[in-house]
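A.B. asks: These are the residues of each chain, in order.
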Amino acid sequence: MKRRKIKTASRDFEENDLPASRLAQYFSIFKERFRMIAWLSFLTSLFFLPFLLVLFFKDFHLLAVTSNLENPDESTLQQARVYANLLYGGGEVLALTLFGFLFSGVIQIFRQLLWDEPIFLKEDFREGLKSSGLRFVASFLFIAFARFLTNLSLSPFLQILLSVILIAFFAPIALWFSLQSVYYRSSFMDTLKNAMKLSIRTYPFTLLFMGLIIAPLWAMETYLSKISLFGAFGGMLLLSFVWIAPLSLAFLSFACAVFDRYINEDYYPEYYRKGLRPLR
Amino acid sequence: MSTLVVKDLFVDYVSKKSVTHALQGFSAVFSSGINVIIGPSGSGKSTLLQTILGLLNYEGTVEFDHKNLDRTAPKDRNFAFVSQEYQLYPMYTVFDNIAFPLKIMGASKEEIKSRVYAIAERTELSVCLGRKPRQLSGGQQQRVAIARALVRNPVVCLFDEPFSNCDLKTREKARGWTKNILQEQGCIGIYVTHDFKEALLLADRIFVVNDGKKILEGTPTEVYDSPLPLIREMKEASAV
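Heads up: the protein sequence lines correspond to chains A and B, in order.
Mapping of the first sequence onto the numbering used here: position 84 corresponds to residue 101, and the numbering continues sequentially without gaps.
Mapping of the second sequence onto the numbering used here: position 226 corresponds to residue 233, and the numbering continues sequentially without gaps.
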């Protein structure tokens, strides 16, 4: 069997060769740990699958109902949508909450990557579920339930308005609430207060991240499904594989920089710039 | 003090056309410390290491602390081996490479972490643990190979010219901490080299091999002062 020769660097790897910033670290991780990222992306899409399936069956049901109607007006269509949302809403809430719980394990492994710590896949995944699973459940349950209530509105305008309020106001707080639980063991109220402060301080980036995650999925479900339902959901599954995990790692990397700036330097020096080249 | 005794070892390499007698009645007693085996190319040094590891069919006996190992499988002997080709897993990080034997043994996560961090500290690899082998220099890669060998506290550690691919400066540094680590571990080190100077610097005891036989054994001073022609040739070759 031909033995594969490992390349060697021209000089010793030293502390100064560690990435200097979280951005540099993100690209370094992507390059050096690509197989790990691919594996975690696969797990993410697997965990997202139940939610996609519920969405698929809801849209399939809606398609079946509306295709039997003769020249339906907008009000009738909206009623059909609301009815479908009511019927499948419970399943969506459960599936999204389940995704949040399982995703906390993936985020724990991302944290290990960013901290340059060794990874024990099963143990770290379980550790993530144990230490931050509950807070991820709380955040995702809140968002999923709020989304469910939003989707029950008979007025399309009100539906859009409530969705915008949910995404623009509550979702960033829920996001920072969950992310803090990966790093710190604070009380519920302290974590919530910090989440509000951090979401205000990082508002543009947080909105950008959420937009990058949600927009393609929403666009596929809303528009592509009108052309081909199977195509839309195949596309969403593929997107969940290639997009959610890498983007989440990027945001967690950004979150590390934010925590370093606003929290770690003063309160958790052992976490400050962990995994990066030390500042001299 | 532990001892590894090899008695009357005979190893033949048989091909269709010929038979090569690689070891011809080799006998020696190796004790704790660094035992260097030196000899010209083709003298049977590497064959001796592989025989001790249990990887070759042989005649004779191999005993550790008076226990015959002839029927003991290589994986059960708790012997470690470091070759000159590093043999690291390129897709694993340095941490995972070093931790590999402990994971095979079924050690817990906490034990793996503490032992790997400890050996990484001693081999100056702490900053590299999250890197892949290709990001390291040759000397660092060899240190990873040595750390992987020593992490499970072997009773015997065998080195087959581990630094021959390294530059002079790296080799000198590596010899220093290899000697220190082996002394700290207290295991039996058997180090094969063709470099006479390296043998003199490293060894507690030297075994000179030629044509599959032991022709001389002694302390570095005793071997250096030997009038044997082979010793004179090796001195000249190493410019000692």
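Because the hints were derived from the structure by calculation, they are not lab data.
Incorrect hints may appear among the rest.
To be verified - With a cut-off of at most 25 Å between alpha-carbon atoms, the simulated BS3-like pairs for lysine-lysine come out as follows:
1. B:220 to B:176
2. A:147 to B:204
3. A:147 to B:176
4. B:82 to A:24
5. A:291 to B:116
6. A:22 to B:176
These numbers come from a predicted model, not from an experiment.
A.B. asks: Could you work out which earlier hints the structure fails to respect and list their numbers in ascending sequence?
C.D. replies: Violated: hints 1, 2, 3 and 4.
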